[in-house]
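A.B. asks: The chain contents come next:
2 protein chains.
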Amino acid sequence: MATKPGPAKMSDVAERVGVSTMTVSRALKVGTSVSEETRRQIRQAADDLGYVLNSAAAGLSSQRTGFVAVIIPSVNNANFADTLRGLTEKLHGSRLQILLGYTDYDINREEQIIEQFLSRQPEAIVVTGGSHTDRARQLLTQAGVPVVEMWDLPTPAIDQVVGFSNARASTLMVEHLFQQGYRKIGFIGGDTERDTRGLDRRRGFITATKKLGLQYHRLVASGHPPVTMREGAVAMQILLTQWSDTEAVMCVSDLSAFGAMTECLRSGLRVPGDMAIAGFGDYDVAEYAVPSITTIDVGAQMIGEQVAGIILRELAIIDDNSGQSVIKTEPKLIVRESTKRL
Amino acid sequence: MATKPGPAKMSDVAERVGVSTMTVSRALKVGTSVSEETRRQIRQAADDLGYVLNSAAAGLSSQRTGFVAVIIPSVNNANFADTLRGLTEKLHGSRLQILLGYTDYDINREEQIIEQFLSRQPEAIVVTGGSHTDRARQLLTQAGVPVVEMWDLPTPAIDQVVGFSNARASTLMVEHLFQQGYRKIGFIGGDTERDTRGLDRRRGFITATKKLGLQYHRLVASGHPPVTMREGAVAMQILLTQWSDTEAVMCVSDLSAFGAMTECLRSGLRVPGDMAIAGFGDYDVAEYAVPSITTIDVGAQMIGEQVAGIILRELAIIDDNSGQSVIKTEPKLIVRESTKRL
DNA sequence: TTGAAAGCGTTACCAA
DNA sequence: TTGGTAACGCTTTCAA
Numbered sequence: 001m002a003t004k005p006g007p008a009k010m011s012d013v014a015e016r017v018g019v020s021t022m023t024v025s026r027a028l029k030v031g032t033s034v035s036e037e038t039r040r041q042i043r044q045a046a047d048d049l050g051y052v053l054n055s056a057a058a059g060l061s062s063q064r065t066g067f068v069a070v071i072i073p074s075v076n077n078a079n080f081a082d083t084l085r086g087l088t089e090k091l092h093g094s095r096l097q098i099l100l101g102y103t104d105y106d107i108n109r110e111e112q113i114i115e116q117f118l119s120r121q122p123e124a125i126v127v128t129g130g131s132h133t134d135r136a137r138q139l140l141t142q143a144g145v146p147v148v149e150m151w152d153l154p155t156p157a158i159d160q161v162v163g164f165s166n167a168r169a170s171t172l173m174v175e176h177l178f179q180q181g182y183r184k185i186g187f188i189g190g191d192t193e194r195d196t197r198g199l200d201r202r203r204g205f206i207t208a209t210k211k212l213g214l215q216y217h218r219l220v221a222s223g224h225p226p227v228t229m230r231e232g233a234v235a236m237q238i239l240l241t242q243w244s245d246t247e248a249v250m251c252v253s254d255l256s257a258f259g260a261m262t263e264c265l266r267s268g269l270r271v272p273g274d275m276a277i278a279g280f281g282d283y284d285v286a287e288y289a290v291p292s293i294t295t296i297d298v299g300a301q302m303i304g305e306q307v308a309g310i311i312l313r314e315l316a317i318i319d320d321n322s323g324q325s326v327i328k329t330e331p332k333l334i335v336r337e338s339t340k341r342l
Numbered sequence: 001m002a003t004k005p006g007p008a009k010m011s012d013v014a015e016r017v018g019v020s021t022m023t024v025s026r027a028l029k030v031g032t033s034v035s036e037e038t039r040r041q042i043r044q045a046a047d048d049l050g051y052v053l054n055s056a057a058a059g060l061s062s063q064r065t066g067f068v069a070v071i072i073p074s075v076n077n078a079n080f081a082d083t084l085r086g087l088t089e090k091l092h093g094s095r096l097q098i099l100l101g102y103t104d105y106d107i108n109r110e111e112q113i114i115e116q117f118l119s120r121q122p123e124a125i126v127v128t129g130g131s132h133t134d135r136a137r138q139l140l141t142q143a144g145v146p147v148v149e150m151w152d153l154p155t156p157a158i159d160q161v162v163g164f165s166n167a168r169a170s171t172l173m174v175e176h177l178f179q180q181g182y183r184k185i186g187f188i189g190g191d192t193e194r195d196t197r198g199l200d201r202r203r204g205f206i207t208a209t210k211k212l213g214l215q216y217h218r219l220v221a222s223g224h225p226p227v228t229m230r231e232g233a234v235a236m237q238i239l240l241t242q243w244s245d246t247e248a249v250m251c252v253s254d255l256s257a258f259g260a261m262t263e264c265l266r267s268g269l270r271v272p273g274d275m276a277i278a279g280f281g282d283y284d285v286a287e288y289a290v291p292s293i294t295t296i297d298v299g300a301q302m303i304g305e306q307v308a309g310i311i312l313r314e315l316a317i318i319d320d321n322s323g324q325s326v327i328k329t330e331p332k333l334i335v336r337e338s339t340k341r342l
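If you're matching them up, the sequences are chains A and B in order.
My numbering puts the first residue of the first sequence at 1, with every later residue one more than the last.
My numbering puts the first residue of the second sequence at 1, with every later residue one more than the last.
Derived from the structure by calculation, the hints contain no laboratory data.
Just so you know, even glycine gets a beta-carbon here, dropped at the ideal spot from N, CA and C.
The reader is advised that the hints may include incorrect statements.
Claimed, not checked - Here chain B is said to cover these stretches of chain A; the calculated rule only asks that three of the stretch's residues, wherever they fall, bring their Cβ under 8 Å from a Cβ of chain B:
1. 68-79
2. 254-263
3. 285-291
Claimed, not checked - In silico DMTMM-like links for lysine to aspartate or glutamate, alpha-carbon gap of 20 Å or less:
4. A:9 x B:123
5. A:90 x B:104
6. A:328 x A:297
7. B:211 x B:175
8. B:9 x A:115
9. B:90 x A:106
10. A:328 x A:314
11. B:29 x A:115
12. A:29 x B:104
Make a model of the complete structure from these sequences and hints.
C.D. replies: Here it is, written out as structure tokens:
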């Protein structure tokens, strides 16, 4: 018995059972009308032959690839990982599969990835933030599929949006620090064009402190993203040198907050007491650190779920200009030990 | 002037320039013989029309999809993220693109993902560890493309391997603790089938302590992966209750080590002094924590680079049974403050 | 419930 | 250096 070379294809299965490829195609899908007996035989034959569908061929024919392109700044970031989890879980069970890319916070990388992904004909595209190269923006606009920008409220938006104002989230924290009685407040990070969400948080900090009549000049850079613990530590050294009477510090991320805090502890400063410290993002480390760190929870997983919801809705609709939607999420302040007034 | 509907395809570009699709296909690739002038015109036309290659069609025709399927347990894990980075960077510039999936440490999820990914006809498949369902193993074996198992040394291996013995890595740490003079040593984590690398580390701990003539019964579970700080904290409570005379603890991950350590600090124990603590993985938090945490650096990024190297080599070779290769990497002990003898 | 024929958009192959 | 033709493996569409 001569076995065919190469992986089995649909016609091999069809031949073995004695039906047409169309019947096989139908039998392997749910919700199609094929007689029970035929379907059983086809399943059996497919199993025997180790048949696997060729999605590229299927997609080419049906014009539906089942890909959702998702582009995030970094994989190793609990916040974006949570968003991805939200997306994955909500998309699970649908015919959609995520094509994931990460940019390392570089909009030129983003452009490259978008270009690469477009050739895979995704049915929807999800990007992080509203800062893109001109060409990337053009590619997204012309893509002809739903585009979702998340984690921010860009103006103008390309298409769909799920996010929040990073600047306003900062306000929550500044107000908390003010209420606790802190007046000389510093800010670490958010100084680079590459991390626009960080920039917005810093802007929000400046606006909020101004509004409260506080000084807003204690700003320390923390270098290129991703934000790390190291940078928080280095920045805290600078801050302590330049403005040694600082009472509280807000950091662009919990990671730099942790680094800043350990730097204080190593210098013999008490946190809180000599220095109050706040972060952003509600990472695990903020909860378990000693002292635990006051932070902002942005609801990262929920963002992913909302994005998935939009995609499912948009793809169900047949070229109906269902219009743009902007879903605003609500960042929440989480008060912990690191900002207590002693 | 009537514009065609839908996205531009190759024939649209060809028509506009007045050449065949073959010439367009060639002109858009590098290292093909097309006259300079023609190529210029074609590039121009493609740009004007916003033409994007349809990779599905290209892959169908050429039998090369450009996909490398990569399956890791978790995205939000600095170790696997580093491996992914190594892979990405080394693959960058080649025609290969990563199709990423994560299993949440569930081999049934892994099987599903493998199945899903196979229909995309990847040119190589990378999986984490050597523990798979029977069906997954069968799918991988029959896939007809190079398969790389990484982060472990499975026996028997399916095909290619890049990894290290997690058990032996544990030995490094036990010996370090022994040399520091610790005798009553506990272990946290590595108790679940789902994390086979954790299991191996625990087994290695038991073997090594036995060999040194130490007690090896101070084992505390830490629940399902992913390993978190919370679990380290909870486990430390249990350990302190059950075996209050414990001198040192090794944890299956730096994250649980950090949780365990903060639990000690909150209980008023000195680390080191009253309790020595060691982790695994060399996460950032181990370096920045106060005290800093002794750990094992497994060279995660290097693993990714080695995997990419194998893939590039395998795909360059034309059906030559280049054979299986096993690359062993070398985990390194990193001594820090948390295990100092006071 | 089933099948035949005609694509889907690209590249391999061979010829000019 | 260029082009014609025939796939690639599947689904759509229309008919039976």
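A.B. asks: Determine for every hint whether it applies to the structure shown.
C.D. replies: So, going through the hints one by one against the coordinates:
no. : hint          : result
1   : 68-79         : holds (count 5)
2   : 254-263       : holds (count 4)
3   : 285-291       : holds (count 5)
4   : A:9 x B:123   : 17 Å, holds
5   : A:90 x B:104  : 15 Å, holds
6   : A:328 x A:297 : 14 Å, holds
7   : B:211 x B:175 : 10 Å, holds
8   : B:9 x A:115   : 15 Å, holds
9   : B:90 x A:106  : 18 Å, holds
10  : A:328 x A:314 : 18 Å, holds
11  : B:29 x A:115  : 15 Å, holds
12  : A:29 x B:104  : 27 Å, violated
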